[in-house]
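K.L.:
Below, each chain spelled out in residue letters.
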Amino acid sequence: MNVSTILIILLIGAFATYFSGDKLASKVALLFSLVALGCSIVLLNNYSTGENISVINSWITQPKISFALNADGLGLAMVLLTAALTPIIIFSSFGNEYKNAKAFYGLILFMSFAMTGTFLASDGLLYYIFWELALIPIYFIALIWGNGDAEERRKAVVKFFIYTLAGSLFMLTAFIYLYQKAGSFLIEDLYKLDLSACEQLWIFLAFFLAYAIKIPIIPFHTWQANVYQKAPTVGTMLLSGIMLKMGLYSVIRWQLPIAPLAAKEYMDIFIVLGIAGVIYGSIVALRQKDLKKLLAYSSLAHVGLIAAGSYTLTLDGLRGAVMQMIAHGFVVVGLFFAAEVIFRRFETREIEAMGGIRTQSPKFTSMFLILVLASVALPSTFNFVGEFTVLYSLSQVNIWFAILGGTTIILGAYYMLRMFQHVMLGETNSKTFADVTLNEGISFAVIIAVLLFFGFYPKPITDLITPSLETILQVINKN
Amino acid sequence: MDTNLALILVLTPLLGFLVNVFFGKSLGKTVSGAIGTVAVAISFVVSLLLFNQITSTGKGIEVTLFDWIQISNLKINLGFLLDQLSVLWLLFVTGIGSLIHLYSISYMHDDENMHKFFAYLNLFVFFMITLVIGSNLLVLFIGWEGVGLCSYLLIGFWHKNQDYNDAAKKAFIMNRIGDLGLLIGMFIIGTMFSTLDYATLKTVIAGATNLNLPLLSLAALCLFIGACGKSAQIPLYTWLPDAMAGPTPVSALIHAATMVTAGIFMVTRLNFVFDLATDVQTVIAVIGAITSLVAATIGLVQNDIKKVLAYSTVSQLGLMFLALGFGAYEVAVFHVITHAFFKACLFLGSGSVIHGLHGEQDMRNMGGLRKAMPITFWTMLISSLAISGVPFFSGFFSKDEILLTAFHHSIPLYVVGSVASIMTAFYMFRLMFLTFFKEFRGTEEQKHHLHESGALITIPLIILAILATFGGLISLPGNSWLNEYLAPLFAKATEGEHHLGTTEYTLMGVAVLGGLLGILIAYIKYFKQDNVPEADENITGLSKVLYNKYYVDEVYDAVFVAPVNSLSKFFRDYIETGLSALVFGLGKIANEIAFQGKKLQTGSIGLYLFVFVLGLCAIVSYIFLAQ
Amino acid sequence: MNTLIAITGLGIFCLLFEILNLRKAIIPITILGLIGVLALNFYEFGTEQSYYNNMVAVSKFSTAFSSLFIVLTIFLVALSHNFYQNHPTKISDYVAIKVFLLAGAVAMVSFGNLAMFFLGIEILSIALYVLAASDRLNIKSNEAGMKYFLMGSFASGIILFGICLIYGAMGSFDISEIHESALSAELPIWFPIGLILMIIGMLFKVAAVPFHFWAPDVYEGSPALTTALMSTLAKVVAIATLFKLISGMNVISSLENQDLLHTFEVIVVIISIASMSVGNIMALRQVNVKRMLAFSGISHAGFMLMTLLTVSASAGVLLYYTAAYALSGIAAFSVILYVCRDQDNEDITNFHGLGKTNPLLAAILTASLLSMAGIPIFSGFFAKLFLFNQTIQAGYIGLVIVAVINSIISVGYYFKLIIAMYSKEPNQERTGRPFLIYAAAVVSIALNIILGLFPSLVLDLLQ
Amino acid sequence: MGNILNQIGIENYIFLSVVLFCIGIFGVLYRRNAIIVFMSIEIMLNAVNLLFVAFSTYHQDAQGQVFVFFSMAVAAAEVAVGLAILVSIFRNIGSISIDNLKNLKG
Amino acid sequence: MIHIPDFAHATTVQVIFCFLAFITVITAFLTIFSRNPIHSAIYLVICFFSIAGHYLLLNSQFLAVVHIIVYSGAIMILFLFTIMLMNLNEQREVHRPRITRLGAIVSFCLILIVLITIFINSKPIVGEYDSTGEDFQSIKVLGKILLDEYMVPFEFASVLLLVAMIGTVLLSKKEKLNK
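Chains as they are written, first to last, in the numbering used here: chain L, 1 to 479; chain Y, 1 to 627; chain E, 1 to 463; chain H, 1 to 106; chain U, 1 to 179.
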């Protein structure tokens with residue numbers, strides 16, 4: 001058993017879902033995603049016992065491209081994130097009726113497949129293929145099942161697709177260039193390359209464009225809020241919960257080790273960009289009228305901090321970034337789900353139109369509040385562990401980075417609590433708000449349990465990711 | 001064994017919280033209240049056990065549970081440190097906590113969400129214990145933010161009122177500003193010493209040569225900013241008066257006795273750091289003094305009974321920081337304890353009054369309650385005497401020591417502190433006179449229902465009044481049990497150990513006289529002359545400025561909040577749309593070129609061939625002629 | 001050679017069927033015949049041989065491309081069944097012309113003598129003129145035929161002039177002789193001029209800027225099946241022939257000898273960039289799908305021209321690219337034929353809601369468009385990848401960056417169609433599920449994806 | 001008898017052909033009448049044919065002349081098809097001016 | 001290097017060449033400039049004849065004959081027939097816009113100048129033209145080459161003509177629609 005098993009399960013699952021018909025689709029999808037989760041846990045176990053679970057097969061001879069999947073701690077952590085979030089996301093959608101559900105759930109599984117592949121691929125081109133493949137399902141999910149004015153949605157979605165594709169094509173060019181130098185797309189060979197500073201800079205920038213758009217880092221974020229708002233909530237969860245992490249993961253896995261000189265030389269600039277995202281995102285989030293848009297900008301702020309952490313090139317920065325990725329993945333999925341729960345009852349996402357929910361639904365309020373608090377990195381949630389580590393690493397580089405980045409805990413609290421106040425508190429709304437159903441509650445409970453458990457005991461994850469991050473750091477610091 | 005004790009200590013309130021959260025509603029109000037109270041009481045008992053152990057062995061207990069966060073040069077455990085300081089704190093946190101829980105059973109009995117109230121209170125106690133007994137700064141930080149969260153929840157307990165919610169939010173955010181400072185301080189300390197553990201830190205600093213003192217001072221300053229946020233010091237104090245929106249027991253427990261003293265706890269905990277940063281100590285002293293004066297002046301004219309107490313709290317906290325600034329940690333701690341007694345008592349008393357008047361908080365509508373609520377009156381009177389520094393009540397000793405310390409270090413600050421003390425006496429007795437003397441000024445309806453509160457309310461009041469009276473005994477001048485008890489904590493020889501000489505007695509006399517003067521003025525103004533404060537719109541002149549708290553909230557709003565909000569609007573409306581337009585612009589340009597290009601494709605064969613020939617000529621001449 | 005003979009024979013058979021009144025059987029039998037020819041062609045693969053005084057030279061290159069042409073023709077013939085339902089009396093003519101056209105195409109990639117080349121290109125062109133104008137009562141079709149004919153003959157004249165000058169320089173039409181003497185120092189200037197003129201003529205056939213103006217008009221006006229033929233088979237044939245001309249006549253070395261190589265490469269780069277950019281940008285505002293695909297074809301021509309910069313190494317890449325492009329083109333046109341069979345135009349509005357009424361066809365069209373846009377797992381992506389790889393290897397990184405930017409632009413219009421299919425409400429009933437159209441669409445897209453999954457199948461053929 | 005080109009010079013034939021070829025191009029561009037345009041194309045082809053023959057003489061080689069036969073066949077075929085298209089256009093719109101063929105554009 | 005004929009000592013051949021060339025160019029121009037299509041056709045026939053004259057001058061009699069037969073005999077008849085069929089004998093051409101004419105003239109001059117310049121700039125052909133003295137262009141030789149060496153293209157030309165034939169039929173055949 002090796003890592004390709006997960007991919008196969010998800011791919012088969014995608015097709016099985018499609019052919020199982022509209023009625024069964026959601027359940028089949030859930031089943032397969034759970035199987036994939038189980039499989040990834042088994043693989044994790046195998047990995048920790050030292051078993052070799054990587055795959056490498058020759059695929060195309062000329063140019064030399066391999067079907068290489070390598071599972072190290074970092075990759076497995078991200079795979080686990082994907083495998084854990086997919087069932088949650090699917091399960092959370094049980095309260096909605098989707099027309100043509102078979103295609104919908106099939107696409108979700110397919111997207112999960114592509115994202116898992118991205119996290120596992122250790123051949124540059126294979127990685128690129130998965131990276132692009134992940135784009136197609138979300139495009140259709142947002143386009144077909146999205147909400148809001150159709151024309152606006154089309155514009156937003158097409159912009160999103162073209163924008164992200166634009167970035168990634170430059171990455172492809174960089175990969176081809178690297179291939180010319182290395183004669184192989186395999187990551188080990190790319191790591192070994194000895195590139196001049198100038199080459200590294202260009203390659204770094206090409207990668208940066210792809211990742212900055214995907215993550216997104218300002219000023220490349222303009223697609224984000226609109227797409228989050230227009231996409232169906234499931235799509236938004238996939239995007240914000242997992243897909244953004246593809247960009248961040250790639251920074252650590254590909255960009256930094258391949259072009260370390262450039263990363264070191266221009267470190268400050270990229271950290272500043274990340275931190276600027278933190279501040280800018282937080283400030284813009286303050287005055288958003290749409291709940292999903294607000295969450296989108298909050299996401300912008302958080303990933304900005306993660307990116308800044310990654311670019312510090314310290315073990316702490318990378319480790320904090322990875323932990324924060326996982327934590328943010330869960331919390332953002334939870335928050336968007338909360339928005340969806342409200343939407344199911346109120347049929348609106350306008351913050352102004354909400355309020356007074358707390359009186360009617362104590363359970364929902366509590367869970368939402370915990371998620372809000374996790375999002376503002378209250379200690380004892382996993383987010384705090386990540387954010388603390390990242391901020392600490394920033395302080396190692398320059399104390400001002402930590403101070404500026406740290407404004408996230410103030411501004412974040414400001415906009416999140418303000419949102420919470422207007423959405424949940426206040427006079428009882430004239431509309432009735434039924435408390436969470438069992439299904440909804442389970443999704444919330446799982447997310448909250450994960451966040452709190454790792455908040456107090458992050459060691460398993462730290463232990464999992466540290467060795468591979470150290471390896472990457474060695475590559476970065478090789479000269 | 002120690003581990004188990006520590007875990008019982010911490011987890012019982014958490015258990016109480018969980019039980020109340022999940023089953024509170026079905027258990028009924030009384031049961032859920034009882035569970036909450038018992039949970040805290042158990043912690044109190046454990047604290048007593050621990051106290052006993054510590055006093056007998058004289059050594060702290062360290063408990064390490066597991067590795068928590070790993071950072072390259074730091075390894076942070078989730079562990080507890082139970083030493084003299086933390087156990088002392090535990091005692092009054094859990095002790096007063098138990099009393100207030102008891103009190104709340106009755107006080108909150110009419111509220112439909114009583115189980116939640118107890119849940120939050122228990123959660124608060126849990127976090128407070130964590131804060132106190134954490135073995136390193138980061139565990140402290142869990143508690144630190146956790147109590148902030150509970151404060152947020154409890155201030156906004158009546159969540160239908162958006163003003164209360166605003167107050168809660170404000171408290172949380174101002175605290176967070178301080179928290180950032182604390183975090184930065186931690187970062188610097190972590191970087192410098194590769195540890196956040198108190199014990200290790202102390203050893204490392206003690207053994208260190210060539211310390212980077214400026215950096216350490218910066219760290220201390222950042223930590224102090226954290227303390228400012230939590231302990232409501234200038235410039236981050238404005239949240240505390242607003243926090244009175246919460247139920248009165250909350251004000252008593254969180255915003256008077258325990259949480260707000262966390263800053264003092266932290267500074268005391270890290271005394272070895274602050275001792276090295278003398279500049280920062282000066283800053284602390286100055287800020288403490290100014291805060292105490294400013295808050296006292298505002299307190300002079302407030303009409304809301306709880307607001308008066310709130311500003312009084314800020315002022316007293318300022319005094320404590322004054323002491324901290326001079327390195328007199330045990331003096332500050334002493335005042336923390338006595339303050340906890342009398343201020344909790346005052347708050348609970350005011351709660352009793354408010355309870356009796358069905359929610360009326362404006363002193364202009366009170367008066368003459370002495371007869372209707374004798375126990376409340378007497379307990380509050382005792383506490384007022386204590387806070388005013390009338391001799392032999394607990395406040396007399398602690399406040400006196402602070403002023404004494406100040407006098408030894410800085411005459412101007414001593415003067416400021418003394419003035420604040422005189423004002424304290426004045427406004428406390430203003431409160432007493434307006435509330436309990438003369439005739440009742442409220443409605444007939446209220447008058448009809450006036451009654452003394454029940455036993456569950458009065459018993460805590462009585463106990464606290466007793467403590468407020470005799471609390472001073474733990475650190476009598478010249479023979480201080482407290483100083484000895486705390487001595488192992490401090491690096492330097494204790495400062496508070498003064499020889500009682502002429503100067504000291506003179507100062508003591510001056511302080512007593514000052515206190516009495518304040519009481520006298522209040523007596524003349526509000527008893528003899530029968531003044532009642534003016535209605536809001538008639539307040540003019542300096543009082544208006546004071547009544548409106550120097551307009552600090554407005555200034556903050558104009559300087560910080562409004563710009564951020566308008567910046568947000570600006571970003572949202574212009575930058576975002578601009579950036580978006582930029583991206584769409586590229587598409588638009590392409591489309592425009594396409595639109596123009598379509599015109600070129602006229603459909604005319606002649607044109608097509610013409611371009612063909614031109615292209616042919618261009619290529620041929622470029623290849624063959626352009627050399 | 002046998003392939004050529006077999007194809008011609010098959011064409012004549014088609015005509016005979018009409019006489020024998022076997023119209024119903026004509027399409028199946030032709031398809032079977034073509035499959036037989038394909039087998040024959042496969043059998044020839046790997047043999048390097050020249051026939052009849054080197055008139056026809058069979059090589060790996062020629063057989064590989066011939067196979068591609070035959071496969072494309074099979075699809076096109078299969079699609080003819082439904083397309084010419086209303087013209088039962090002419091169906092044999094249509095099919096026969098297509099088969100002869102294939103003969104011309106095969107001659108164009110397997111010529112050993114410029115006479116064969118010229119005749120091949122003329123057969124192809126004349127067949128195309130006829131097919132373009134074949135909807136005789138439709139003024140648009142007439143106009144398309146006329147435009148194509150006029151400009152095509154003009155280009156033929158230029159090619160002929162080029163051949164003439166080459167003959168003047170070499171005294172021979174034989175490719176291998178030309179190949180040998182191309183390096184001689186004493187060549188008159190006629191030779192490079194002739195070459196350039198021939199190349200320009202071929203650039204017209206592949207519709208490269210600035211010789212592209214005919215393509216959108218002709219594509220739009222021609223009957224849809226003819227457009228399919230032009231945009232797949234004809235384009236592929238033209239670019240393959242151009243490639244074969246340049247490699248077969250040793251053009252690169254010859255130009256290098258005369259210090260003309262650099263300017264030549266500059267020209268190729270400029271034309272390539274211009275074709276991509278003009279094609280992609282112009283396609284953005286088109287409402288007619290055929291016209292849009294015409295511009296898309298122009299841009300793909302620009303991409304394919306990039307292979308001319310690395311002639312010695314990129315035959316395999318060109319084969320792969322053309323196969324990927326043509327197969328997705330066939331799939332796309334199958335769907336277009338289905339959707340627009342009862343319409344008098346091919347506007348995008350006809351595609352509204354196809355995702356709901358015919359999810360399979362919509363998926364196929366989407367897949368083919370994604371393939372053309374170069375999204376992974378479809379062969380279009382690998383085609384671009386190999387092409388970029390090859391081009392960067394040769395040092396033209398700037399060109400690749402322009403190509404990348406163009407790929408981005410192209411997504412804009414491909415997605416316009418996808419959006420129309422999936423996010424607009426259907427405006428018409430679509431009934432009937434013609435088997436051959438579905439089969440052609442499914443098979444071609446399946447081949448496309450298989451090529452994507454196993455690129456080495458094709459890529460290594462010409463290594 | 002020597003090579004006739006000794007008296008005339010191959011360059012002159014080239015120039016003649018080029019001029020003739022260009023006249024053909026000019027005609028295609030200049031005239032709107034489709035028939036005349038066809039004729040112009042014929043002029044172009046003939047210019048090439050002439051050059052073929054001249055080169056054939058120049059090389060003393062018959063292949064050039066053989067090629068002329070093919071070229072003639074092509075010309076004949078093209079004219080046949082072109083006129084057929086022309087006729088059907090004429091039937092549809094009653095004109096053979098290529099200026100009327102502007103329906104397809106944009 | 002333009003080889004300027006020395007008119008004073010011009011050989012007969014040179015005179016004939018100049019004359020024929022003159023005729024060819026002039027009639028070609030007249031073909032284009034004639035307003036009446038029939039006149040154009042007539043001029044074109046003259047042009048073809050003069051080209052046949054060139055062939056004769058180059059001593060390829062067979063080709064000259066074939067040329068006359070194919071062009072003047074077949075193609076031009078086809079043209080004339082079509083002109084008659086469409087009743088095009090009077091001028092029906094709409095007035096050409098000036099820009100078209102200008103464009104045509106510009107491109108004519110341009111391409112002429114470019115091509116001529118290139119050929120002038122090129123290396124002149126040095127030395128005598130060889131004359132092998134062998135017979136290379138008699139019917140016999142041509143036949144041999146055409147039917148032996150060039151057998152395949154010859155056959156292939158038949159395919160070309162077949163396609164043209166089918167095509168023409170296809171374009172002209174009326175059919176019963178929707179049978």
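Hints in this document: simulated from the structure, not taken from any laboratory. Predicted model only: the values in this text are computed from it and were never measured. Hints should not be assumed to be uniformly reliable.
[Stated by the list, open to error] Not everything, but these chain Y residues come out facing chain H in the computed CB check (under 10 Å): (1) Leu18; (2) Val19; (3) Lys598; (4) Lys599; (5) Gln601; (6) Thr602; (7) Ser604; (8) Gly606; (9) Phe610; (10) Val613; (11) Gly615.
[What the hints assert, rightly or not] Stretch-level coverage of chain E by chain Y, calculated; a stretch enters the list once three of its residues show a Cβ under 8 Å from a Cβ in chain Y: (12) 185-199; (13) 263-272.
Built from N, CA and C at the ideal position, the CB exists for glycine as well.
K.L.:
Would you check whether Lys599/Y satisfies its interface hint, that is, whether its CB is within less than 10 Å of any CB in chain H?
P.N.:
8 Å, holds
K.L.:
Is the shortest C-beta separation between Ser604/Y and chain H less than 10 Å?
P.N.:
6 Å, holds
K.L.:
Does Val613/Y meet its interface restraint, that is, does its C-beta lie within less than 10 Å of any C-beta in chain H?
P.N.:
6 Å, holds
K.L.:
Let me know if the C-beta of Phe610/Y comes in closer than 10 Å to any C-beta of chain H, holds or violated.
P.N.:
Nearest chain H Cβ about 6 Å off; hint holds.
K.L.:
May I ask you to test the interface hint for Val19/Y with respect to chain H, counting a Cβ-Cβ separation under 10 Å as satisfied?
P.N.:
Because about 76 Å separates Val19/Y from the closest Cβ in chain H, which is outside the 10 Å limit, the hint is violated.
K.L.:
Under the criterion of a CB-CB separation shorter than 10 Å, is Gln601/Y in contact with chain H as hinted?
P.N.:
Hint holds; Gln601/Y Cβ to chain H Cβ min 6 Å, cut 10 Å.
K.L.:
With a cut-off of 10 Å on the beta carbons, see whether Gly606/Y makes it to chain H.
P.N.:
6 Å, holds
K.L.:
With a cut-off of 10 Å on the beta carbons, see whether Thr602/Y makes it to chain H.
P.N.:
Result: holds, 5 Å to nearest chain H Cβ.
K.L.:
With a Cβ-Cβ cutoff of 8 Å, does the stretch 263-272 of chain E contain at least three residues near chain Y?
P.N.:
That given contact holds, which follows from 4 residues of the stretch 263-272 of chain E lying within Cβ reach (below 8 Å) of chain Y.
K.L.:
Going by Cβ atoms only, is Gly615/Y closer than 10 Å to chain H?
P.N.:
13 Å, violated
K.L.:
Take the stretch 185-199 of chain E, compare each residue's beta carbon with every beta carbon of chain Y, and decide whether three or more fall closer than 8 Å.
P.N.:
holds (count 5)
K.L.:
Regarding the hint that Lys598/Y lies at the interface with chain H, is the smallest CB-CB distance below 10 Å?
P.N.:
At about 5 Å, which falls below the 10 Å cut-off, the nearest Cβ of chain H leaves the hint on Lys598/Y intact, so it holds.
Figure legend: structure checked against the earlier numbered hints; hints not met, in rising order: 1, 2 and 11.
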